[in-house]
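Enquirer: For the record, the sequence lines run as chains A and B. Residue 298 in numbering that gives the first Met the number 0 is what sits at position 299 of the first sequence, and the numbering runs on without skipping anything. Residue 341 in numbering that gives the first Met the number 0 is what sits at position 342 of the second sequence, and the numbering runs on without skipping anything.
Simulated from the structure, these hints should not be mistaken for laboratory data. Treat the hints with caution; some may be incorrect.
Calculated pairs, SDA-like style, for lysine to any residue (alpha carbon to alpha carbon, straight line, at most 25 angstroms) [claimed, not checked]: (1) A/Lys368 <-> B/Pro59; (2) A/Lys246 <-> B/Ser364; (3) A/Lys246 <-> B/Phe80; (4) A/Lys359 <-> A/Ser341; (5) A/Lys372 <-> B/Phe80; (6) A/Lys65 <-> A/Ile40; (7) A/Lys120 <-> B/Pro59; (8) A/Lys144 <-> A/Asp277; (9) A/Lys45 <-> B/Ser364.
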Amino acid sequence: MIRKSIAATLKLSGILTVALALSGTPAAANTDGKKLLQDLISQAKKEGTLDTAHITQLGPAVPALKRAFNKRFGLDLDINVALGDQAGKIAKLLITLRAGGRPEFDTLTASDNDLIVMAEKNYSMPIENWRLLLAEINPAVASGKAEPRDVSPDVVGGQSFVWATRTKALVYNTDLASESTIPQRIVDLADPKFKGQFTVAPWTDTFEQGIMVYKDKAEWLRVLDRIGKNARGVMRFEPALNRILLKEFPFAFMNSAEYLGVKAHDAKAPVGIHWFTDYTPMSLQMYTLPRGSRHPAAATLWALWMTTPEAQAIFQKVSPQENLRFGQSDIDQRSIAEIKKSGSKLVSYLDSPESVQALKWWATDEGAKYRAKLKSNITQRQ
Amino acid sequence: MAGTPTAFDESVGGEARTFRLRDVLARFIGPYTAPLFFSWLVLGGIVFLSLVVLYMSFIPFLPIEPGYTLEHWTNLARPYFINRVLPNTLIVGTGTVLVALFFAGPTAWLLNRTALPGRNLFIALMAVVVLIPGFVKAMGWILLINPRIGILNNFFAGLFGVETVPLSLANPYGMAWVMGLSLTPSMFFLISGPMRSLDPALEEAASVLGANRWWTFLKVGLPLVWPAILGGSIYHFMTALSMFEVPAMLGAAGGQAPVLATELFYSVRPATGEATMISYGAAGVYGVLIAAPSLVALYYYHRVLEKGHRYAVISGKGYRPKEHSLGAFKYPALAFVLLYIFLAAVMPMLVLGWMSLFTYVRMPSWEALSSASLRNYNPEYFMAIIGGPQVIWNTVKLLVTVPVLVLFFSITISWLVVRTRVRLRGLMDNIAMLPHAIPGLAFAFSLFIVALLLERWVPWFELLGTILIIAVANLMERLTYSTRITNASLIQIQRELEESAHVCGARTGITIWRILIPLIKPSLVFAALWTTLLTFREVSMALFLSGPRNQVLSVGVWLAWDAGNIGSAAAGAVVMVLAVGLILLLTLPLTGGRLTTPRLPGSTGRHN
Numbered sequence: 000m001i002r003k004s005i006a007a008t009l010k011l012s013g014i015l016t017v018a019l020a021l022s023g024t025p026a027a028a029n030t031d032g033k034k035l036l037q038d039l040i041s042q043a044k045k046e047g048t049l050d051t052a053h054i055t056q057l058g059p060a061v062p063a064l065k066r067a068f069n070k071r072f073g074l075d076l077d078i079n080v081a082l083g084d085q086a087g088k089i090a091k092l093l094i095t096l097r098a099g100g101r102p103e104f105d106t107l108t109a110s111d112n113d114l115i116v117m118a119e120k121n122y123s124m125p126i127e128n129w130r131l132l133l134a135e136i137n138p139a140v141a142s143g144k145a146e147p148r149d150v151s152p153d154v155v156g157g158q159s160f161v162w163a164t165r166t167k168a169l170v171y172n173t174d175l176a177s178e179s180t181i182p183q184r185i186v187d188l189a190d191p192k193f194k195g196q197f198t199v200a201p202w203t204d205t206f207e208q209g210i211m212v213y214k215d216k217a218e219w220l221r222v223l224d225r226i227g228k229n230a231r232g233v234m235r236f237e238p239a240l241n242r243i244l245l246k247e248f249p250f251a252f253m254n255s256a257e258y259l260g261v262k263a264h265d266a267k268a269p270v271g272i273h274w275f276t277d278y279t280p281m282s283l284q285m286y287t288l289p290r291g292s293r294h295p296a297a298a299t300l301w302a303l304w305m306t307t308p309e310a311q312a313i314f315q316k317v318s319p320q321e322n323l324r325f326g327q328s329d330i331d332q333r334s335i336a337e338i339k340k341s342g343s344k345l346v347s348y349l350d351s352p353e354s355v356q357a358l359k360w361w362a363t364d365e366g367a368k369y370r371a372k373l374k375s376n377i378t379q380r381q
Numbered sequence: 000m001a002g003t004p005t006a007f008d009e010s011v012g013g014e015a016r017t018f019r020l021r022d023v024l025a026r027f028i029g030p031y032t033a034p035l036f037f038s039w040l041v042l043g044g045i046v047f048l049s050l051v052v053l054y055m056s057f058i059p060f061l062p063i064e065p066g067y068t069l070e071h072w073t074n075l076a077r078p079y080f081i082n083r084v085l086p087n088t089l090i091v092g093t094g095t096v097l098v099a100l101f102f103a104g105p106t107a108w109l110l111n112r113t114a115l116p117g118r119n120l121f122i123a124l125m126a127v128v129v130l131i132p133g134f135v136k137a138m139g140w141i142l143l144i145n146p147r148i149g150i151l152n153n154f155f156a157g158l159f160g161v162e163t164v165p166l167s168l169a170n171p172y173g174m175a176w177v178m179g180l181s182l183t184p185s186m187f188f189l190i191s192g193p194m195r196s197l198d199p200a201l202e203e204a205a206s207v208l209g210a211n212r213w214w215t216f217l218k219v220g221l222p223l224v225w226p227a228i229l230g231g232s233i234y235h236f237m238t239a240l241s242m243f244e245v246p247a248m249l250g251a252a253g254g255q256a257p258v259l260a261t262e263l264f265y266s267v268r269p270a271t272g273e274a275t276m277i278s279y280g281a282a283g284v285y286g287v288l289i290a291a292p293s294l295v296a297l298y299y300y301h302r303v304l305e306k307g308h309r310y311a312v313i314s315g316k317g318y319r320p321k322e323h324s325l326g327a328f329k330y331p332a333l334a335f336v337l338l339y340i341f342l343a344a345v346m347p348m349l350v351l352g353w354m355s356l357f358t359y360v361r362m363p364s365w366e367a368l369s370s371a372s373l374r375n376y377n378p379e380y381f382m383a384i385i386g387g388p389q390v391i392w393n394t395v396k397l398l399v400t401v402p403v404l405v406l407f408f409s410i411t412i413s414w415l416v417v418r419t420r421v422r423l424r425g426l427m428d429n430i431a432m433l434p435h436a437i438p439g440l441a442f443a444f445s446l447f448i449v450a451l452l453l454e455r456w457v458p459w460f461e462l463l464g465t466i467l468i469i470a471v472a473n474l475m476e477r478l479t480y481s482t483r484i485t486n487a488s489l490i491q492i493q494r495e496l497e498e499s500a501h502v503c504g505a506r507t508g509i510t511i512w513r514i515l516i517p518l519i520k521p522s523l524v525f526a527a528l529w530t531t532l533l534t535f536r537e538v539s540m541a542l543f544l545s546g547p548r549n550q551v552l553s554v555g556v557w558l559a560w561d562a563g564n565i566g567s568a569a570a571g572a573v574v575m576v577l578a579v580g581l582i583l584l585l586t587l588p589l590t591g592g593r594l595t596t597p598r599l600p601g602s603t604g605r606h607n
C-alpha cells in the first residue's frame, strides 16, 4: 500500500513537473503580472485623469462603476464618462487620427465591426503584456473560466477587450402576435404577408452577418431590399420598442437587451422574444485604446477592468447587457440556455477564420461600398 | 528745433516737421476702428467656416489630403433626391413660415399693443415653448395624431363612428405644422421688439383723422413693423430648412418624408457599424444646398433693409407706447392666444409630464397611472442619466458666455450697418446672416475640422473638446437672430439723437453706451434671453462637438431620449422648462414687460 502511494505521488509529481515545464514558470509569470499591474497603477496615479465613454443605458451605473474602479486599484482618478453616440464618437475618432490629431477619449467602447477598422488602420494601441495584466485583473481569466482570447479575440488581440455582447432577436407584442404568427427566420421578413408590421433599424450591423449564413452577397442585397420595402419604416430600437408597447405595430428586429430591459422593469409587460431559426447575429462590444491616448495607463486599467465579473455585476443591475462569450451571470446563462433551446445558430464574426475574414472584409473599400448598398436597401434611401 | 522722446523729425524742403505718435495713430485709428475690428473678426470667422463647408464638398475626405472630386455633387442626381428630398424640403420650409406667421403676428400685436389680460404670463409661456425641445414636441404630437394610436384620431373615430381617422403627421405638411408651432415664439420675439417701440403719436394722428383701429393697424402700424415681419419670415424659412429633430422624429428618419436636414445629419452622424460611412463631402453638399435658397431670400431681405429709414419711429421726443382696448374682441383674442399656448406648450408639457412618470411610454389611462412613479426625478439617478454634475456646470458656463459675446458683436455689427456709412456695411450684414443660411451642423463639422487642424499647428491652444468650441459655434449661429433684433431696433431710432450727442462733444462709444443702448434696451434684453434659450436647447451642434468634458444638458437629455430612456428624457425636459420659466418670470420686468416708458438719460419721461 505504501509503495502504491509513493508511486502515485511520484507520478503526480512527474505530471506536475511536466505541466510546470509546459506552462513556463507560472510562479514567475504571476510575479511579473503583479509587478506590471503595480507599475501600471503607479503610472495611472500620476496621470490622475481618465476620459472615457459608455453606452447611455448604463448611465445610472457610472457612479458605482467609477467608485468600484478606483477602489479596486487604490486610485482616486478624476474619471469623465461621456454617454451615448458610440458610432459618432468612433467616426470622429477615425477622422481625428487620420488627420494626425490626438484623440479626445483615452478609451472608448464600440462594436466589433467598427473596431476592426481601427485595428486594420493601426489606430488602436496594443497593450503590452496584456495577457499577464488580464490574468491579474480579471479573476475569471485567472481561474481559467475564461480564456484571454475570449476577452480579446485574436483578430484584435491586445487592442480591444470584450465587456458585453449584443444578440438580436424579434421582439413582439404578445397582445398583437404570437410565436406562430411572427416570422420564424430573418429572411421571412421579406414575406409580403408581414408587410407594414415591423420597422428596421437605420444601421447595417443588424443584417451584416447574413452574408456569412446566406453566402451569396448579391442575393442577400436583394433580400434586404425586399425587407426594406416590406418594413413600415426605419426606426431605432428604442423608439420601435416603445411603439410596440403602444401597439402601433406588432414586432421589430432588435437587441435582446431591449426585451430584457423591459422585463426587468415590468415582468408583466406584454412583450415576447423570438430567436430566429436561421441565425442569431451576435456582435461584441469592446473597449479599445486609441493611439495617442493622453492617459494610457488609466485607460488600460479601465478597459481591462470592464471585462471583469465585478464590473458586470454593477452594470447588469442597471441594464441587462449580456456577455454570452464568457459571462457567468444569471442573465448570461439564461440567454445562452434559451438560444440553445430554440435551436438558433449564434453567428458572430469570430467563430472561425472564415468569419474573421468576413469581418476584415467590411473594413475594405469593397466592404464599405457593399455596406452603403446594404444600408440604402434596408432604409429604401436610393 | 522740435523734439520729444516720442517724436521724430522729418525735414521737408529744409523745414523740419514734428510728428507725434498720437498723430500717427490718429491717422489710422478713427471712431470706427474698434467696431470694424471686432465686427470683421467674427464675420471673417463666419466666412472662413462657410468656405470650409463649400470646400469640403469638392474633396474626397479631409482638407489636408490631396485630390478633388465632383462625386458628392453628382450623387445628387438620384431620383430619391430630386423627387423626394428637394420637394419635401421646400414644402416644409414654406409651410413652417406660414404657420408661424399665422400665430405669431396676431399674438405679437395682442401681447404688446393691447390691454389683453395676463400679457406677462403669456409672454413667459411663449419663451417656455421655445425651451421644449423640438423632438419632444414631435413625440407629443405623434401620440396625439397617428392613424393607429393617436389620441385625437381615436377620439374623432369614436365621434364619427368610423374605425380609424387616417390623419398623419408623417409627411411634409405635418412636419410644417409641428415646426411652425415650434418656431412661432421665435417669430413672436422678433416682431415684438419693434412692435413695442412704435410711436403712438402716429396712431393717435390717424385716430384724430377718423381712422378706426383696424385701418390704423393695417395702414400705419403694420407697414412700420414690416421689416421685422419680412426679416422674421426669411429667417424662419432658413431655420426650417436646417431643422433636423422634428422631421427625423416624424418620419424622415424612416424614409417616409426625407428632407435635406436629415440627409445632412445622417451623413455626419453614422449609425453603429458605419463609422467609415461618414461623409463630410456629402454634408458639405447638403449644407450648400440648404444655404442656396436662403441666400436668395437674404438678397430680398437686404433690399428691404435699404429702405429702413422710412420706418424710423423713435425720435428725440418722449413717448409711451399705447395700449389698445379690445372691447368685445377681448375674449376671442384671449381664446386665440390660449389656443396657441395649448397646442404649443400645454399639450407637450402634459405629454412630457405623463411620460416622465414611467420608464417606458404608456398611453394615458387610469391603469397606467397605478404604475407611475417619480423615479426619473431622483437627483442621483437624474444626474447619472444626463452625464454627471459637470454637465450642469458646463451648461451654466455656456449660457453666460454666449449671450455676452453675441450681444457684444451684434451691437457692434448693427451699429456699423445701420448707423454709419462705412464701406461694405451691406456685405457685413449679409455675412452676419450667413450662419443662418448654413445649417448649424455644417458649421459644427466645419469648426471641428478647423479645430483639428489647429491642434496640429498650434498644439498649446486647446479648442477641441472644450466648452469654448461649443460657445464659438453658438456665437456664429445666434449672431444672425441677434443682429436682426438689433438692426430692427436701431432702424427705429432717428439720427438726430446721435447727432445731438456729437454736437455736444460725446465720442462714439459714449453715444452708443449712454444713448442708443438704453433706448433699445428692451430689444437687447429680448435678444439676450432669446440667445440664452436657443443655446440652452440647441442639441445638434453641441452633440457633434461633444467630448468627455464639455457635454451640456441638452445633449444629456437628447442622448437619454435617443437611447430609449423616454421617461428620463421627459423628466430632463420638464426640469429644464421649469427652471427657465421661473427665470423668465423674474426677468420680464427688465424688458419693460409692463410697457413702462423708455427713458433717455436725464429725461423726465413725460410726454411732450
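Enquirer: If a hint holds in the structure, say so; if it doesn't, say that too.
Expert: Tested hints:
Proposed proximity of lysine 368 of chain A and proline 59 of chain B is supported: the alpha carbons are some 15 angstroms apart, at most 25 angstroms. Note on lysine 246 of chain A and serine 364 of chain B: the hinted pairing holds, with a Cα-Cα distance of about 15 angstroms set against a maximum of 25 angstroms. Restraint check for lysine 246 of chain A and phenylalanine 80 of chain B: the C-alpha separation of about 33 angstroms exceeds 25 angstroms, so the hint is violated. Between the alpha carbons of lysine 359 of chain A and serine 341 of chain A the distance comes to roughly 30 angstroms, so the proposed pair goes past 25 angstroms and is violated.
Simply put, lysine 372 of chain A and phenylalanine 80 of chain B have alpha-carbon atoms about 16 angstroms apart, close enough for the 25 angstroms limit, and the pair holds. A hinted pair counts as satisfied when its Cα atoms are at most 25 angstroms apart, and lysine 65 of chain A with isoleucine 40 of chain A qualifies at roughly 15 angstroms. A C-alpha spacing of about 18 angstroms is found between lysine 120 of chain A and proline 59 of chain B, which places the hinted pair at or below 25 angstroms, so the restraint holds. In summary, the hint linking lysine 144 of chain A to aspartate 277 of chain A is not supported, as the alpha carbons are separated by about 30 angstroms, beyond the 25 angstroms threshold.
Between the alpha carbons of lysine 45 of chain A and serine 364 of chain B the distance comes to roughly 56 angstroms, so the proposed pair goes past 25 angstroms and is violated.
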